[in-house]
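Enquirer: Please build the complex by placing chain X on the supplied structure of chain S, with the hints as guidance.
Protein chains: 2
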Amino acid sequence: MELELIERLRNESGMELLGDDAAVWGGKVFTVDMLTEGVDFILSEVESELVGRKSLAVNLSDIAAMGAVPEAVLIAISLPRNNSDKNLLLAEKLYAGMKPLLKKYNIKIIGGDTNCWDNGLVISITAIGSILPQGVFQRNGAKANDTILVTGELGGSILRHQFLFEPRIAEAIYLNQNHSIHAAIDISDGLAIDLYRVAKESGLGVIINSDTIPIAQDAIICSQTSRRSPIDHALSDGEDFELILAAPEEEAKKLIKSQPLLNRFGTKLSQIGKFTADKNMLIANSDKTIMKLEPKGFEHK
Amino acid sequence: MELELIERLRNESGMELLGDDAAVWGGKVFTVDMLTEGVDFILSEVESELVGRKSLAVNLSDIAAMGAVPEAVLIAISLPRNNSDKNLLLAEKLYAGMKPLLKKYNIKIIGGDTNCWDNGLVISITAIGSILPQGVFQRNGAKANDTILVTGELGGSILRHQFLFEPRIAEAIYLNQNHSIHAAIDISDGLAIDLYRVAKESGLGVIINSDTIPIAQDAIICSQTSRRSPIDHALSDGEDFELILAAPEEEAKKLIKSQPLLNRFGTKLSQIGKFTADKNMLIANSDKTIMKLEPKGFEHK
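These protein sequence lines are chains S and X, in that order. Numbers given in the numbering used here equal positions in the first sequence, counted from 1, plus 1237. Numbers given in the numbering used here equal positions in the second sequence, counted from 1, plus 1237.
One chain only, chain S, in its complex shape (with noise of 0.2 Å):
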């Protein structure tokens, strides 16, 4: 639905579309998103300090996929109206649990709207970021033969990654400042889907290479009861909030062999395919077989 909302709303409202996770404007970036209870979360099955992080976590992926230093938060919250103390307690647990992000990358709230009302949890949070001197990131650099290279491992998130994934600001700040990448996005809505968005932006395609993938190990543990395989969680589930970005071959080379983010952040790097001048969205599976790489990924219905 969500796809095909945005691009009415394009049409028809005027609405100005960002092609990026962030928009630059007066020379900085700006980003929201709003989480929903049911949809982002089951308030019932999850800590609510863990709804708290990811509600800003999400804001700060975006904010690292346009390779930006997250400066700044506004944060407007509706509470389900149970009683004063439960939706205090709720409150507390939300901004708690965005505390530590907060402080670790020293992110400084400059506005808020706290209100109850009789339905669900919502949490709305605006962020803004500085941009380096190197410039931002965005989807529509890549470049045919462009390496594509993953940050992490991918896949099986909706068991505890999507709450305690780490938004990869230190690695999109470090790559950004010393290496040359022509794109970037996060991972919000799946690999296959995301890497479509920058392969159109781009106005190319990829033949991304199905043994290469990092999978995680909840992808692995998804699919024992999902009777779908590890790569297909890996290529379709959303909320990895792991970066892909293009880099030049000789760049990506240098990338791969010396891996600066495993080294400096923890983080390992993995090169998956690369951009083709040809507009085809193309996987080679380990029989050697190529298939069309479906768009899959999660969408906001």
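The hints are simulated quantities; they were obtained by calculation from the structure and are not laboratory data.
Put simply, identical chains are the same to the list, so a pair is met inside one copy or across any two.
With a cut-off of at most 25 Å between alpha-carbon atoms, the simulated SDA-like pairs for lysine to any residue come out as follows:
hint, residue 1, residue 2
1, K1336, G1263
2, K1533, N1382
3, K1505, I1410
4, K1525, N1382
Expert: What follows is chain X alone, placed relative to chain S:
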């Protein structure tokens, strides 16, 4: 509930607390408001376009209360999940309701997040404004003996004004550029309580004259069924979104005499009392009795 919650969050979660309608940060002003179905609007009782309009206008009113110039917004919406068509239509109407204000004040949409969920409609807008060379209006700048001025007419906004009010942007910019204004706030929760906020932040009290309070026609209409007097509506109804201003006595005299806002923008300016070194909140009634002015108003329970 909200006041207590904010107080505790201030103390316990390290959240920056904002004395003003918007925060000054990085040379701009920032504010966020989240509007929710059933609290800020009843979707079945009002045109969706007006819901969209209101959700933007309340933020613009905050920018106006700072004497700043709105420049950009980020809009996050969670739509009730009915079916795609209904959602598209609702989203389009919301944006259609915002469009005239965006156009009138030349405001850019620099970010958005539109989702669906199984609960009511939520709209959270972050607004950003630029600061005039004259600086911003703050709540804590009132001085003893400053005249209290208010724009427009007050009370009964629940009838329609809450959706149709014009944020006092043009008036605030004019006043900031041409007159000495010591403090300002917009009336979101009610004249008495918002006046109390300025007095408290400025370390002052007030005495206002009930005969001089500009009473809206809608306050009179409301009083016919509410068993409350029109003046009570004007004092304690929320969502007037008029400005309360503190101005030096001589400056206020000039403003009242020449009524520049009325001549330029059609907006009446009334003198309703003064700030006092004595911290009492007082109201002089028609019969010359002086009573305590209770800081009553709408509280987001």
